[in-house]
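Peer 1: Given the coordinates of chain A, assemble chains B, C and D onto it according to the supplied hints.
Number of protein chains: 4
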Amino acid sequence: MNERKIRVAVAGAGGRMGREVVKLVLSEPDFELAAAISPSSRGKDAGELVGLPACGIEVGHDLEESLSAVQADVLVDFTTPQLALRHAYIAIERRVRPVMGTTGFTPGHISDLDMLCRDAGIGGLIAPNFSIGAILMMKFAQEAAKYFPHLEIIEYHGDQKLDAPSGTAVKTAELVSQTRARMKQGNPNEHETIPGSRGGEYDGFRIHSVRLPGVFAQQEVVFGAFGQTLKIRHDSYDRAGYMPGVATAVRKVMETTGMVYGFEHMMD
Amino acid sequence: MNERKIRVAVAGAGGRMGREVVKLVLSEPDFELAAAISPSSRGKDAGELVGLPACGIEVGHDLEESLSAVQADVLVDFTTPQLALRHAYIAIERRVRPVMGTTGFTPGHISDLDMLCRDAGIGGLIAPNFSIGAILMMKFAQEAAKYFPHLEIIEYHGDQKLDAPSGTAVKTAELVSQTRARMKQGNPNEHETIPGSRGGEYDGFRIHSVRLPGVFAQQEVVFGAFGQTLKIRHDSYDRAGYMPGVATAVRKVMETTGMVYGFEHMMD
Amino acid sequence: MNERKIRVAVAGAGGRMGREVVKLVLSEPDFELAAAISPSSRGKDAGELVGLPACGIEVGHDLEESLSAVQADVLVDFTTPQLALRHAYIAIERRVRPVMGTTGFTPGHISDLDMLCRDAGIGGLIAPNFSIGAILMMKFAQEAAKYFPHLEIIEYHGDQKLDAPSGTAVKTAELVSQTRARMKQGNPNEHETIPGSRGGEYDGFRIHSVRLPGVFAQQEVVFGAFGQTLKIRHDSYDRAGYMPGVATAVRKVMETTGMVYGFEHMMD
Amino acid sequence: MNERKIRVAVAGAGGRMGREVVKLVLSEPDFELAAAISPSSRGKDAGELVGLPACGIEVGHDLEESLSAVQADVLVDFTTPQLALRHAYIAIERRVRPVMGTTGFTPGHISDLDMLCRDAGIGGLIAPNFSIGAILMMKFAQEAAKYFPHLEIIEYHGDQKLDAPSGTAVKTAELVSQTRARMKQGNPNEHETIPGSRGGEYDGFRIHSVRLPGVFAQQEVVFGAFGQTLKIRHDSYDRAGYMPGVATAVRKVMETTGMVYGFEHMMD
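Taken in order, these protein sequences are the chains called A, B, C and D. Yeah, the first sequence ends on 267 if you go by numbering that gives the first Met the number 0, and it's all consecutive. Yeah, the second sequence ends on 267 if you go by numbering that gives the first Met the number 0, and it's all consecutive. Yeah, the third sequence ends on 267 if you go by numbering that gives the first Met the number 0, and it's all consecutive. Yeah, the fourth sequence ends on 267 if you go by numbering that gives the first Met the number 0, and it's all consecutive.
Bound-form chain A, shown alone (with noise of 0.2 Å):
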């Protein structure tokens, strides 16, 4: 017996991200592609628009207009926070589960859409991160700062990324700081010769934030203890390295009730 394939739908789809999920989805056999929406590249076939051969995909300029068209089981969306919250209102009103990888959800909207897919007995998932290795190493380290409150966290990104630190630097930084006693590192005489050169103090701890051509993602826990070091290290090379994790989202989705915060939670 032939097991039935999921209908993805893709929106963000001519975006880096969404790029990656189309060439995900058309090339797992156990998925298909339903619908790809980008409006910058409207009628355009989806495979050709990733670098494939074509697929018979027209891309499509709105979600609601596609899922009105096609069955779909899931909807993968790497689109703005402004858009997120009203497709994720259309997916689930046709069923079809809401896979949302962008960040600006409230609380309030969390639980909102929690209940609709409840009642409509569908599963969903909102993560701003699908990196397994990325969880992993934030999960490690929230842990071992139960037993080493000395830690520093290092991350390397590009030279042209604006922001400094990193999402993913803060997030670790917050989930540690859950765990950690309290208390203020270093040597409290401590002075800086060149300004900064101590990095960015987080709740008694430091961050220092790399920045150099050719590296994509990058970071380093490293805590300290009486003649030990462990250190957690997580390098990512590029968007490809996402796509397992959204792949596991896609089966996760299908199985659940109600929409999970996190894709940490999606991971046994």
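Derived from the structure by calculation, the hints contain no laboratory data. Keep in mind the model is a prediction, meaning the values are calculated, not measured. There may be inaccurate statements among the hints.
Same chains, same label: a pair holds when it works inside one copy or across any pair of copies.
As the list claims (entries may be wrong) - The list that follows gives simulated cross-link-like pairs (lysine-lysine, DSSO-like), each with its CA atoms no further than 30 Å apart: (1) LYS170 <-> LYS160; (2) LYS251 <-> LYS183; (3) LYS251 <-> LYS22; (4) LYS183 <-> LYS138; (5) LYS145 <-> LYS4; (6) LYS183 <-> LYS22; (7) LYS183 <-> LYS4; (8) LYS22 <-> LYS43; (9) LYS170 <-> LYS251; (10) LYS138 <-> LYS170; (11) LYS43 <-> LYS138; (12) LYS43 <-> LYS4.
Peer 2: Showing chains B, C and D alone in chain A's frame:
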């Protein structure tokens, strides 16, 4: 009210680990040295033995004799597999909680000692490894292997070490095998132009043992997946790095009942 | 006054390295694409071949024919050892400076090609490796080995690579052997409980080959001495990382005379 | 024929570096301890001072007095900038070759001492750093900066260190600036949401100072370019790691004439 100090007897006090334990006991404010046993150093002052000022405790040559002469709460034992079992019985008989830093106990021994400890209403610990960092490394590796079945272990020790891989590397490999989807990594047709370059194989993955002067003990577990790498690394610089774990164990066995195997079970 | 651009012909334009070279030539302001040769892609537009807009240069199928039809200053050749020698002769005959990214030239070939280049008054380069970083890594390792005879090489490549160790690791080992005091490292009585765990031996030191998905090409040379460790590490993320070296070579062969072997000799 | 040993006087013998030097002199077969000076340890046996068996040399309290009483070939001086200049003059006057491990000599002092050494026909060395590995790291970083102008320095020291960045990091930055194409790295519009996270700026590039317990001294210089990263890292585990450099210096000053500034000039 002044809390009573924990009175610690140290067996193997003249060995490399034992000396560190004596230093620890003499420096922690809530510990008190009850006895130090080392046949080859008998008669010396225990403080002077470890390079500290005299402490008034003369090193004894036999555990039974020493424990009969003083009131001890805990025995910390870094002797040999040959002596350790007898020492554990001697300690439990006198309601002295054993903290055993040796290997070689069989499951039968452990369950027998556990029963005796429970009868006596005391705690105890048998731990091949007191390094909190090493234990966390192994635990994190075991968890990451659920998601990343592709991994290799690289361990670094001093160049005079006799055996390869290290005990910690083998232990890590065992733990990883419990959670990792079993598979043989690498290209089925790969060949070594220099034999051994692909490392030693354990259950489908590889272990590499580096031996260099100047290194005490380091290990890195590297996980690779499409577009990302996750690394967990632990560096030990000297034996003193194990002492925070010993101190935790001494305090914990005062509050527990029964013999625990593995220091990881004393970490929350 | 407008400087004349350097007109570059690319052989092997349809291959993975060749495509990067075409992209490079089309994007550097002082380069101009004179011809692109790739039998399997003949007739296509060279720009479209590499995912860029059409550039008006049709891909040819034979180097001799293409170089007869256009005026080229430099040939960049990433074909195969079988084709490369003939290509070098064809290029020099037409006073087109060859930049050959293939291996397999014998010392006899190199000295013959050098004589022909000198007669023609042109420069040329044969380079198995265009990565400035990799070349520096090898050079630094060779120099450090003078002071630190204890070292091991650890290299990382994708898990589908067939041979171990990598060509770069073997080349590094050769260079290191030239400066290192010859000795067999490790404990003379060391033994492997898992065969191969100590890695492959080259002239008394060890090479370890790690193979993991997600890795492109990385290498670390670790030197150990009493109380210290020195590491030199190079990470390549993709073929594009070789292009700055190719660009340097194209510019340099315009100013030199004779055939150079090894890109390191074009770095000051 | 038996080679005569090199007779070494050690000033600052009671300090942390001085003790290591005394141990070194007592253990190297071609060295002989001529005198040990340390006002705070006067009268003790020099061997016992450093935890070794008595060697029959009583610790003196004044360099001049000690050098008058014995025949020394070399003075190794790890005292303070305040004492060191006077000590160098005292040594040279007696044709004892000075190996000075202190900072604070002005160019005027150095050239004056050089003239005096040449007049006396003896060698000498002033070296702020005796770590061969650290010197190689700085040298390699300086050379790599010619090709890779994008770099950041990350240094790690114990958490009680007062100043940041470390002296080695500043020295590295100075050397790198001499060869690197001057430019300001990073996005011109980058901003720190946590001040200091981008590190301290030196001549357009960044330095990050990590402070953690358990770390002795480590430094990494990371170079980034399109598609690649080059890292040079040096880890010091303890003061003993400087002793091979001191031993080399003691032997070299026996064969040279004039005062050398910088240990790198004694490495071929």
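Peer 1: A separate judgement is required for each hint: does it hold in the structure or not?
Peer 2: Against the structure, the hints come out as follows:
no., hint, in the structure
1, LYS170 <-> LYS160, "both (17 Å within a copy, 28 Å between copies)"
2, LYS251 <-> LYS183, "between (41 Å within a copy, 27 Å between copies)"
3, LYS251 <-> LYS22, "within (19 Å within a copy, 40 Å between copies)"
4, LYS183 <-> LYS138, "both (22 Å within a copy, 28 Å between copies)"
5, LYS145 <-> LYS4, "between (44 Å within a copy, 25 Å between copies)"
6, LYS183 <-> LYS22, "between (47 Å within a copy, 27 Å between copies)"
7, LYS183 <-> LYS4, "between (54 Å within a copy, 29 Å between copies)"
8, LYS22 <-> LYS43, "both (15 Å within a copy, 24 Å between copies)"
9, LYS170 <-> LYS251, "within (24 Å within a copy, 33 Å between copies)"
10, LYS138 <-> LYS170, "both (11 Å within a copy, 22 Å between copies)"
11, LYS43 <-> LYS138, "neither (41 Å within a copy, 49 Å between copies)"
12, LYS43 <-> LYS4, "within (24 Å within a copy, 36 Å between copies)"
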